[in-house]
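Construct the entire structure; sequences and hints are all you get.
Top to bottom, those sequences are chains C and F.
Sequential numbering of the first sequence, starting at 1, is according to the UniProt record's numbering.
Sequential numbering of the second sequence, starting at 1, is according to the UniProt record's numbering.
A few of these clues could be false.
Computed list of lysine-lysine pairs in DSS-like fashion (alpha-carbon distance at most 27 Å, straight line) [what the hints assert, rightly or not]:
no., chain 1, residue 1, chain 2, residue 2
1, C, K404, F, K572
2, F, K561, C, K404
3, C, K574, F, K404
4, C, K448, C, K271
5, C, K568, F, K279
6, F, K567, F, K583
7, C, K574, F, K279
8, C, K568, F, K404
9, C, K566, F, K359
10, F, K359, C, K561
11, C, K363, F, K567
12, F, K554, F, K568
13, F, K359, C, K578
14, C, K448, C, K359
15, C, K567, F, K363
16, C, K578, C, K568
17, C, K279, F, K574
18, C, K639, C, K568
19, C, K632, F, K359
20, F, K448, C, K632
21, C, K578, F, K404
22, C, K578, F, K280
23, F, K572, F, K561
24, C, K568, C, K554
25, F, K639, F, K554
26, C, K578, C, K566
27, C, K404, F, K574
28, C, K567, F, K359
29, F, K578, C, K280
30, F, K566, F, K554
31, F, K448, F, K280
32, C, K566, C, K554
33, F, K572, F, K585
34, F, K582, F, K572
35, F, K363, C, K632
36, C, K567, C, K554
37, C, K271, C, K404
38, F, K673, C, K522
39, C, K579, F, K404
What the hints contain is simulated information worked out from the structure, not anything from laboratory work.
Protein chains: 2
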Amino acid sequence: MMERKRAGYSVQRDVLDEEGVEEMAEKSDSKTSLCERVRQSARISGPRARSCLLGCVPVLSWLPRYSIRENALGDLISGISVGIMQLPQGMAYALLAAVPPVFGLYSSFYPVLIYFIFGTSKHISLGTYAVMSVMIGGVTERVAPDSDFMMWDNVTNSSIIDITARDAERVRVAAAVTFLSGLFQILLGLVQFGFVVTYLSEPLVRGYTTGAAIHVIVSQLKYTFGISPNRYSGPFSLIYTVLEVFYLVQETNIGTLVVSIVSIVGLIIVKELNAYLSKKLPVPIPVELLAIIIATVISWQVNLEEKYGVDVVGEIPSGLQPPVLPTASLFGQLIGDAFALSVVGYGIAISLGRIFALKYGYKVDSNQELIALGLSNSVGGVFQCFAISCSMSRSMVQESTGGKTQVAGALSAVVILIITLWIGTLFEDLPKAVLAAIIYVNLHGMMKQFMDVPALWRTNRVDMMVWLATFILTVLFNPDLGLAASIGFSILTVIFRTQLPTYSLLGQVPGTDIYRPVEEYKQVRQVPGVVIFRSSATLYFANAEMYQDALAQKSGIDITKILSAKKKLEAKRKRHEKKEAKKAKKDKEEPESPERTDIVTIEVDDRPDPSLPRAIVLDLSPVNFLDTVGVKTLRGIHKDYGDIGIEVVLSGCQTGVVENLQSGGFFNDKVTKSCLFSTIHDAVLHCQSLQNKQGYFGRPRLCK
Amino acid sequence: MMERKRAGYSVQRDVLDEEGVEEMAEKSDSKTSLCERVRQSARISGPRARSCLLGCVPVLSWLPRYSIRENALGDLISGISVGIMQLPQGMAYALLAAVPPVFGLYSSFYPVLIYFIFGTSKHISLGTYAVMSVMIGGVTERVAPDSDFMMWDNVTNSSIIDITARDAERVRVAAAVTFLSGLFQILLGLVQFGFVVTYLSEPLVRGYTTGAAIHVIVSQLKYTFGISPNRYSGPFSLIYTVLEVFYLVQETNIGTLVVSIVSIVGLIIVKELNAYLSKKLPVPIPVELLAIIIATVISWQVNLEEKYGVDVVGEIPSGLQPPVLPTASLFGQLIGDAFALSVVGYGIAISLGRIFALKYGYKVDSNQELIALGLSNSVGGVFQCFAISCSMSRSMVQESTGGKTQVAGALSAVVILIITLWIGTLFEDLPKAVLAAIIYVNLHGMMKQFMDVPALWRTNRVDMMVWLATFILTVLFNPDLGLAASIGFSILTVIFRTQLPTYSLLGQVPGTDIYRPVEEYKQVRQVPGVVIFRSSATLYFANAEMYQDALAQKSGIDITKILSAKKKLEAKRKRHEKKEAKKAKKDKEEPESPERTDIVTIEVDDRPDPSLPRAIVLDLSPVNFLDTVGVKTLRGIHKDYGDIGIEVVLSGCQTGVVENLQSGGFFNDKVTKSCLFSTIHDAVLHCQSLQNKQGYFGRPRLCK
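Written out as structure tokens, the structure reads:
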């Protein structure tokens, strides 16, 4: 009964197919342009239905509804806690960016305020971020290297570095690249390209940040040991730097090393204590603030700088500085770095923002986030900040201390403002080694990401390869080039995965219309006379040849052999015919006998080999799209097997695939849409009905 | 009845699933290594069952069975015709390669003989090829530029170029890069990497050869006009060269221009005549041979060189030269070019070889072809040849004049040998402009490929983009860099195609178990209370976010809103509870009433929204693989919708996808394999049975 129902439906289905295709053909004009489709799909993630102003300046929509009773206390405590963290981190990350520490404070102030106005994530803590800072450091040290600022010191008769001029230039470079990266982010946001971040898959981001962390650590070794290695740039610079540090380690400043070890050990102990007591303490102990206060007091009292030659932070100007337009002449050199910064900054911020949004049930708008970050960076660039993103550790503190809205971020900016205006100058005696120690200790989260490797080994080895490749590429080529190479690699893995499909013959689960791979299930039975073939992946240029080979191998039909045998027979027959014709000419008296032999020969040749199947069903349900190579391959298979008397039908084509087949010229007057079937079972029923017909008529329908 | 049958099957299917997965888990260890799988799939295309010697030296297997009666005459005529074509083409392409013409003759001899021994294609005509030659020319002119061979001429008091030294160096460079590319090919063949050519899809190869043809034309303009522009290298060099030619065109040598115009017009006329008379002529008129003979005679009689300053070929040494080991010190500079040459040469040869193999029903072994080409090039490199491939035009002549086996190629080599030994020197007066004309006229096939663009516009626009991008990239960056960029682009298109899938809700075709997109077919009906969702593409990092968004949009379920509403209610309830508890403390005398209110509140909150569907079926049949991001997305969807009382089930997962889900940690004690269904219909039946249960018990099973 089921089969009758199916047969009845079979007609219906054909009608469906035709109509569907025509409907699509009408639609196809409107949806052809790739750009348009990109934009369309981007639009999905950024609905612009609400009023533009409220959409573009989210603070206007949520601040009026701010519930002081519910949120104010949490935001206040959280804001102060985060502000206290921003101070040491800002100064430390300024070292990474190779600019004077006070610019780290600025970077923790202006961008955070701007994000308060334009941002949509309530829980992320914007501000300085280790990975971004080390990328900025790479740029500043490349564009304004020490060697450009050598001057001859007449007193010591040696060349020294004009630190003031160098730092001023580096600040200019950092501000310019920050401004430019902000512009890129605004631009990407305006054209709704928030989806670019989808290329930054999670294994890639985690491998990348781990690789960047290695750069961060290596760049801080000089402060820990109190040495001054040469600056290297370009690929493999990390290796050269490590070698140089090993070489210079004998020149270590003992005072600096002692400060480093003491502060690292102290920080680790108090952090562990924090973690241990986390449930009992309302706010975590501000361990980094304590560290810099204690270190500053000791350094000032003992006079570490003069007595032991410990490198200290040095002059910290109090107050804010007037805005300066970025040096446009630098833009040309910085365009690549700025783009990398904009993508990384956005990628980190949006992934963290999404985690919190999911946890607390609100939504971050990816394009608005791009614009908010872009404004933060470009305005920040005018105020000589360096590029920011959001930091995992600070965001965790902001959330755990009760921060519920962006107000916490704004309050942290106020804390930084107060410090910058009045307290900052007090930290002039702080040893840089302490800041380096703060950086190391803050990286422990990224170091934990090494545990991803065994985890991914168990869950998905291709993703583990992506992680490792990203890590290695980032370590070897610096974070900017490494990012590009890693994205390239992760895209290649998609090709690998679809280029190595599993090919299988399907068989029927007896008594049902379910077809499953014969090799994997014992219960399934192959349908006699019908080969059902499926590739686990889409069919396109990179695996089209393998598809053909696998079909020939699995079905056991050697077309080449059969065809060449057929051709030879054909040639023989022709020669035979010629001979016979000659003979006939010679002995014209008896014309019947040669003709009869002729006919017999033909019949023997053309009868299909009984060991061959009668039909092949290609199940195309896993096919996502067909390119011209894919269509040609299918057409070739249809023709070649058709030539030796095997009908080829397709099943489970998606609408887009039918469209591809049609526009690719798969169909013609001989090959019509009647070879398309909705399901494998329909196709098999069709093939079986063909076989029955063959029983009556003695030869397959398509065999000429 | 059908449904009963299905329900009965449902149990069977679950058993199947479990078994299948276990079987796979056993297998998975053995098939994990990507490398291994690459090799495995490569092995499909190169069966090594036959004896190794016969496999590696195909001549041993086919020559003893060579049928003189059948093939000898055709091969002889074809060999002589092709040999006659090799002479002018070899000399002309030597100009492209920037080496003296006689080396083009060597390149038409040694490699052809080697291929006769090792090659498996019977119809392709190996030898010099325009695209390869222009690539070689790029290398020789970059590594041995004119500027390196300037010397001061005391007679004219100006600097002139030491042509002898320059050409000797260029021959060394060409031989070295040829030798190296041969080694690459052998290496690729030995590790069975013949499949690399799959990345060279047809639109890419055609766009590439067209782009390379533009380079060929531009590089010959100097001979046509008799001018000497500077040599540019690197990206955009084509544009600089064209600009320089425009600038220098006023210095055109009129004699040279006349020779060019006359020979181009003459060649075109005779070629057209050839095409027109092709059916009447047994062999085509050897138009190129005639051209160089006539041109040489005229040039010699009129003394074009001295009277009109027409640039001629110059000294052609007769006889062969002893083998010279390639200059290994050059290898470092040439490694990239050699790799590009090896890939391009192989790509062209194998695609042409396959066309003929298909036509005549034999097989070319892709790995053996790589080895044969590699040996041809590396042995050729030792005999100072430049890199060869096979030429479309010569192969067509070889086939159409009756060539049936590799013997035709060997005979053409003998023809070249005779010319090299005795006749070559006669061509010393041949104007280079005639050779340039021969090159132009030979490019008309490649120029015809421009017609691909409108054809692809109609059939497959993404492939048209690949064609155009390859063409533009090849023209702008030279053939080597352009090839790499084009392959990168064509791989990116795969990402584009899967990144912009069509998302659709499926509905049931009434009375059947077929489900089709609701938007495309009028007859289908959505199943009440069940959302069936399908993406046309595989689910992975580049489209995971869009998948989630599209599901929310298509199903009309705003999880964020529902969840946040739920959270608010929860908070309200908690506050209410607290208040009530306080109240209860206060008025301990009447404890019943507050408790009752409490219970009522909870019940109101938890009842599922009647407008929401009860279940979502995700049809994963188009999914080829899942990466960790894909698994996480599915897990997230399962959890989020589960939280608001909607059951999520998956249907149509391939075995590999189930494997990915399992190793990716999709399943746990709450989410079991019972949410996997073989077909959409099974899943829908399951969901409907759930709904019926809900009818009895008043709330969905998964809603807590």
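Item to check | Structure versus earlier hints, numbers of those that do not hold, lowest first | outcome: Violated hints: none at all, because every hint is consistent with the structure.
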